[in-house]
Amino acid sequence: MQTVALLVLAVFTAGYLVLAGADIGVGMLLPVLGRDARQRRLVIASFAPLFLADEVWLVATAGVVAGAFPGLEHALLSGLHPVFVALLVGWIVRDMGLWLRGRVDAARWRAVCDGAVVAGSWVLALAWGAVLGTVLVGGGHVEDGVNVGTVLGLPLALVFAVHGAGFARLRLAGGLVERARRVPGRYWVSALVLVAVMVAAGWRLPWSQVAASPEALGLTAVLCAVMLPLLVGAQALVWWTFRGRAESPGYL
Amino acid sequence: MDDPLLLARVQFALTAGSHFLFVALTLGLATLVALTQTIATLSGSAVAERMTRFWGQLYVINYAVGIVTGLVMEFQFGLNWSGMSRVVGEVFGAPLAMETVVAFFVESTFLGLWIFGWDRLNRWVHLALIWVVAATAYFSAYFILVANGFLQRPVGYRMQDGVARLTDVGALLTNPTALLAFGHVVFGGLLTAGFFMAAVSGYHLFRRTAEADLFRRSMRTGLVAVVLSVFPVAMFGGTQFRYVQPTKHPGTDEAAAQVAQFQARFGPGDYTPPGLASVGEIAMVSAWMLMSLVALVALVKLPFGRWLERGRVFHVLVMAALPLPYVAVISGWVFREVGRQPWMVYGVLTTEDALSDVPAGAVTASFVVFTAVFAVLVAVNVWLLARYARRGPEAVRLGALEAPEPERPVLTPSL
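The listed protein sequences derive, respectively, from chains A and B. For the first sequence, our numbering assigns the number 1 to the initial residue and increments by one for each residue that follows. For the second sequence, our numbering assigns the number 253 to the initial residue and increments by one for each residue that follows.
Among the hints, erroneous ones may be present.
From chain B, some residues computed to sit far from chain A (all C-beta separations above 10 Å) [said to hold, decoys possible]:
no., residue
1, 323
2, 363
3, 483
4, 505
5, 523
6, 618
Here are the in silico distance ranges between beta carbons for each label pair [claimed, not checked]:
no., chain 1, residue 1, chain 2, residue 2, range
7, A, 218, B, 372, 38 to 44 Å
8, A, 192, B, 517, 52 to 58 Å
9, B, 635, A, 228, 38 to 44 Å
10, A, 115, B, 257, 35 to 41 Å
Everything labelled a hint here was simulated from the structure, so no lab data went into it. Backbone N, C-alpha and C define an ideal beta-carbon position, used for all residues, glycine too.
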């Protein structure tokens, strides 16, 4: 059962890093990809219809950790308290920038919101780099808090940026694609790198020590395994609906 | 600012409180928007279509705050309350896992599809989406109240080496404090959305804006929601008193007996909740009484559409009544949660023991940062809700088609 729970957890985490990682990356590169207000709105339209569907993978990851591996929740979150506070604040600031940017029709308002998207995306990417680096170095001792990996992991943020550029090549249209091509990046390569780093970090964690009792673990594992095809189906409907390049500005 | 326990508690209260204030409206408004869109889709009525977009826009603005505060809540358990995940983690975590996988994942995925897919999807598919969003929002509320019900009245577990093990998931999922609270919250959400719709409609009818027809219909929808939910909400609330902790009402014989039992089991200490809990109870019941009076007037006026459109005193009344459901929601939350103190899990784990052993400085820093961010967030969104409510259906961008702009050549920088 623990293997099933771990596989489900790996799928959810990989889903987050690959799908939402691209949104974070595009947010980081927003000033590079979009030079004026109209272009920035198009750049945001490349991932706007997907960002809600992308970040739910992390919420599901946190849910599975709480249900199946409750020991990891407090080891990781209290151990890396400041890093996760930064991660959450970055996430909130990024999301609010996205939600709010179209709500008031004024240049300064949009500039502040776009600033929030860029700053939030960078903080989010750096925080993920720090978390992954800490787990890679600390392994079973993550509850001891920050270690040398916390700092060494920070450059991983650049993988998110490159991943975002790879995504932008596939999603933007016209002259903006040319600009995205200036940043070296292939979507599938950076996706593989992100998943590989995640698997390597996950490999180092002491799962048996943090797992719930077999009954509770089994409940969460079975439920997730049953739900997973439905969740992927819902996501596929989103990908199908918003396939193709973003040629016109959207709701945000 | 040097008491980490107090700071962590206030931080949780601010997060959960602001979350609940917005989520109450989300729950009820999703249902009313889904109903309006159903009418629009079935009848092809243009007014119903514009109503869907107007109230849908307000729903989306409101939803954004609920989602963001909800994310922080999910992580806050591990950040500040690691004692809880250490002792009751797997029992409390099970409904949280179910909430994310069965409810929230689908809710948020389909909401994105509903918002951005307005002009791309078949209208029946689009209608189905909002119903799935509304249904999964209720699933979400149910699972969260299962988790909260366990804190209020722990069931379905066995203590083993100081750790709670899940033994009976059926008991956990059918805990009366969860089921009755769910009914209470469902009708509380509808009541909030009903008052919200009536107040915004009242504003436009009072000001005699151009949208008399649309807002007369909206006023009726809101008032019907108010009339239908004002008594069930009290019924579900009242029935819960059978399962309420004895110490929630200090001074009674049951409370004294329970305190004596706690002192025998856990040693001397103060096992009565702060007085704020009773203030919450009184405020909630008072707000409900005022709301039931407004509902009574609404019941008399509902059959007369013209009167709804013209009666200006009534418009002022429903505008003035808008804070009432919010007062009831937040004070009901205070009654339930503060009334459980000093316990995190009643009779199992104290709030003090649930606190993480992170340095006081880190707790203080996260308190300051989150409080500042949430203050801005709530202020901006309340302002936006008011602004969009005031501007009326003409200003709605949700579902409005945007023509592709002609492409201008992208200037390549010469560095």
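Status of the hints after comparison with the structure:
1. 323: violated, 7 Å
2. 363: violated, 6 Å
3. 483: holds, 35 Å
4. 505: holds, 38 Å
5. 523: Since the minimum Cβ distance to chain A is about 26 Å, residue 523 (chain B) lies beyond 10 Å and the statement holds.
6. 618: violated, 5 Å
7. A:218 - B:372: 38 to 44 Å: holds, 40 Å
8. A:192 - B:517: 52 to 58 Å: Since the Cβ atoms of residue 192 (chain A) and residue 517 (chain B) sit about 56 Å apart, the hinted range of 52 to 58 Å holds.
9. B:635 - A:228: 38 to 44 Å: holds, 41 Å
10. A:115 - B:257: 35 to 41 Å: holds, 36 Å
Hint violations for this structure: numbers 1, 2, 6, all remaining hints satisfied.
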